[in-house]
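**Q** Single-letter residue listing:
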Amino acid sequence: MTLDIVQMVLVTVLAAATPLILAGIGELVAERSGVLNLGVEGMMIFGAAVSFAVAMQTGSTVLGALGGAGAGLLLAALFGILTVGLAANQVASGLSLTILGLGLSGLVGANYVGIKRDPAPHLAIPGLTDLPGIGHLVFGQDGFVYAAVALVAAVSWFLWRTRAGLMLRAIGDDHVATHALGLKVRRVRFLSVLFGGACAGLGGAYLALAYTPFWSPGMTAGRGWIALALVVFASWRPLRVAAGALLFGGATVLQLHAQAAGLGLPGQFLSALPYLATILALVLLSLGQRQGGSLAPAALGRVFTPSR
Amino acid sequence: MGRMLTGLGGALLRGALLGAALAVGAGSAVAADKLKVGFVYVGPVADFGYSYQHDLSRKALAAAMPDKVETTFLENVPEADSERSIEKLARSGAGLIFTTSFGFMEPTLKVAKKFPKVKFAHATGYKRSDNVATYSARFYEGRYVCGKIAGKLSRSGTVGYIASFPIPEVVSGINAFMLGAQSVNPNIKIKIVWVNTWFDPGKEAEAAKALLAQGADILTQHTDSAAPLQEAEKQGKLAFGQSSDQFRFAPKAQLTSITDDWNGYVIAQAKAVLDGTWKSGDTWGGIKDGMVVLAPFTNMPDDVKAMAEETSTAIAAGKLHPFTGPVVKQDGTLAVKEGDTAPDPMILGMNWYVKGIDDKLTQ
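Just so you know, the protein sequences line up as chains A and B, in that order. Under my numbering, residues 1 to 308 are what the first sequence spells out, in order. Under my numbering, residues 1 to 363 are what the second sequence spells out, in order.
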């Protein structure tokens with residue numbers, strides 16, 4: 001019985017962390033290439049609206065998820081054209097992307113408010129899923145959760161174990177030198193931005209299709225901003241983004257359980273706890289590894305115009 | 001109902017849509033002899049909750065007096081930036097303006113001072129002036145009825161309550177619910193989770209899961225999304241809806257829903273302005289006035305349904321007051337003497353729990 005409750009809590013922690021992992025890992029790649037995209041919240045909510053609309057129209061969760069990722073990618077493409085192509089200010093463009101995404105999501109979602117849908121199916125392997133204690137946690141999640149785990153592993157491997165990943169990081173650190181070496185700075189950055197958008201859209205799709213399976217304006221409720229902050233506090237490392245998201249999700253879920261169990265601590269304090277715990281843990285982590293200088297990609301947020 | 005601005009995301013959302021709303025809402029041309037009535041909403045009209053219900057009243061007004069009034073609205077108006085929007089409405093010739101969120105109180109008063117001929121009606125506030133009236137609904141009456149239903153139906157004897165912010169409106173709702181539940185089951189327990197937001201479907205769903213895991217078998221909420229209802233439906237438990245009828249989200253779980261109906265008040269105010277009889281004042285309507293409406297009682301046995309209807313009728317008739325003494329505070333002191341009922345100011349400023357609630361209220 002108690003083992004089941006522990007598992008239930010862990011399952012909800014993973015569910016709460018998944019949208020943050022998805023959006024965070026995408027933003028991490030974009031920032032590692034040197035582009036700061038503050039439009040995560042906008043891409044996420046647009047992804048949520050489009051994914052729900054597509055899923056309702058086609059009846060397919062997979063197509064809905066792809067639609068959500070595509071929607072995020074589309075907004076990211078716009079951002080990429082402005083900032084990478086036309087060298088517009090990244091902060092201003094990112095903020096307006098959030099505003100645009102929120103507005104567009106309301107437009108796309110207008111006809112789908114107040115409609116519910118069955119949540120995305122969960123994996124069920126006879127024998128394995130029913131294992132006591134860990135069955136549901138390991139073998140009983142929906143596709144988004146496995147996708148998030150796979151993405152973290154893939155991005156981590158790509159950035160530190162492949163030549164392309166090394167190039168991406170080098171471009172994020174010094175676009176002038178890498179450009180002089182003949183690397184395609186703008187192409188790599190544009191692709192990174194697109195990847196980030198698709199991930200944010202997928203994170204939004206998870207919210208609308210699996211987490212709380214309906215569409216409602218403003219349903220991301222700031223998760224895009226939390227994902228952005230996680231990337232910074234995780235000092236641009238994929239595993240730490242995942243760990244930070246799990247810690248944040250975990251603290252959120254646990255404080256709700258603590259309240260429900262009647263521990264008698266003030267609700268406002270408990271509500272602030274996830275933020276405090278996550279910031280503290282990630283700051284301590286990055287302090288431990290700091291060897292002078294910033295951990296951020298050196299060219300992050302700086303505009304690049306190739307010399308002729 | 002104080003809709004507060006929560007989080008940067010919310011702020012940006014509202015800021016984002018404000019521009020569009022200003023362009024759409026306030027741009028319509030008005031015939032000179034018609035009364036122009038403006039509405040300012042804190043959320044999107046499509047929230048299927050608070051702002052949605054308010055917009056229904058705007059539509060009802062337009063339908064009731066199509067030759068005499070012209071309505072416009074601004075949605076997603078951030079509370080911090082509402083003065084501009086309200087002033088824009090006043091400047092564009094509105095004769096009557098409804099500002100529908102608690103946080104619009106000061107901006108409304110400020111603009112009202114500048115436009116003494118324009119009448120204002122502000123929802124859920126407590127400050128008035130010669131041309132600013134206030135109105136609110138006695139939601140606690142509905143919560144008392146819900147409490148009685150929950151007290152009858154809970155098998156585990158534990159009800160889960162998802163609360164937003166510890167303001168008097170929410171606290172009096174919790175107390176009324178508890179008193180209702182205690183009236184049919186003296187040993188009932190309430191578990192309260194504060195989510196510190198009016199609207200975050202994900203967090204509300206997590207709170208619902210936590211409460212259900214801790215043994216609650218009926219959920220009620222003072223937040224705006226349908227996520228808790230959906231969670232209850234998924235787990236085969238029962239729940240109450242909030243702000244508007246959310247039956248479609250949980251046909252097997254929703255017992256009833258406390259909904260706001262502003263139609264009567266809005267139409268009466270417009271009529272009064274047209275007749276020249278409008279006066280400032282405070283309106284606090286309940287079930288009797290049709291401002292608080294309980295959605296159809298569903299998913300319960302007939303005897304419980306009959307009890308709920310009876311309770312609702314008794315409150316409407318003035319025979320039953322949810323806060324009828326003796327009402328004992330959590331610390332054991334007597335708040336309302338036997339035979340008395342709580343006066344309105346006490347309910348409007350309620351910052352204590354009734355006996356039997358385990359949660360601690362932070363002051």
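Check the hints yourself; a few may be wrong.
Which bits of chain B does chain A cover? Going by a derived footprint, with three or more residues having C-beta under 8 Å, they are [as the list claims (entries may be wrong)]:
{"#": "1", "segment": "61–75"}
{"#": "2", "segment": "123–136"}
{"#": "3", "segment": "194–201"}
{"#": "4", "segment": "351–360"}
Across the chosen pairs, the derived CB separations fall in these ranges [unchecked claim]:
{"#": "5", "chain 1": "B", "residue 1": "Gly325", "chain 2": "A", "residue 2": "Leu284", "range": "53 to 63 Å"}
{"#": "6", "chain 1": "A", "residue 1": "Asp118", "chain 2": "B", "residue 2": "Lys117", "range": "51 to 61 Å"}
{"#": "7", "chain 1": "A", "residue 1": "Gly262", "chain 2": "B", "residue 2": "Gly332", "range": "51 to 61 Å"}
{"#": "8", "chain 1": "B", "residue 1": "Asp340", "chain 2": "A", "residue 2": "Gly264", "range": "51 to 61 Å"}
{"#": "9", "chain 1": "B", "residue 1": "Asp331", "chain 2": "A", "residue 2": "Leu265", "range": "57 to 67 Å"}
{"#": "10", "chain 1": "A", "residue 1": "Leu273", "chain 2": "B", "residue 2": "Glu106", "range": "24 to 34 Å"}
Distance condition first, Cα-Cα at most 16 Å in a straight line; then the derived EDC-like pairs of lysine to aspartate or glutamate [as the list claims (entries may be wrong)]:
{"#": "11", "chain 1": "B", "residue 1": "Lys329", "chain 2": "B", "residue 2": "Glu310"}
{"#": "12", "chain 1": "A", "residue 1": "Lys116", "chain 2": "B", "residue 2": "Glu233"}
{"#": "13", "chain 1": "B", "residue 1": "Lys234", "chain 2": "A", "residue 2": "Asp118"}
{"#": "14", "chain 1": "B", "residue 1": "Lys189", "chain 2": "B", "residue 2": "Glu309"}
Keep in mind the hints are simulated off the structure, nothing from the lab. Built from N, CA and C at the ideal position, the CB exists for glycine as well.
**Q** A separate judgement is required for each hint: does it hold in the structure or not?
**A** Consistency of the hints with the structure:
no.	hint	in the structure
1	61–75	violated (count 0)
2	123–136	violated (count 0)
3	194–201	holds (count 7)
4	351–360	holds (count 3)
5	B/Gly325 <-> A/Leu284: 53 to 63 Å	holds (54 Å)
6	A/Asp118 <-> B/Lys117: 51 to 61 Å	holds (55 Å)
7	A/Gly262 <-> B/Gly332: 51 to 61 Å	violated (19 Å)
8	B/Asp340 <-> A/Gly264: 51 to 61 Å	violated (31 Å)
9	B/Asp331 <-> A/Leu265: 57 to 67 Å	violated (19 Å)
10	A/Leu273 <-> B/Glu106: 24 to 34 Å	holds (32 Å)
11	B/Lys329 <-> B/Glu310	violated (27 Å)
12	A/Lys116 <-> B/Glu233	holds (12 Å)
13	B/Lys234 <-> A/Asp118	holds (10 Å)
14	B/Lys189 <-> B/Glu309	violated (23 Å)
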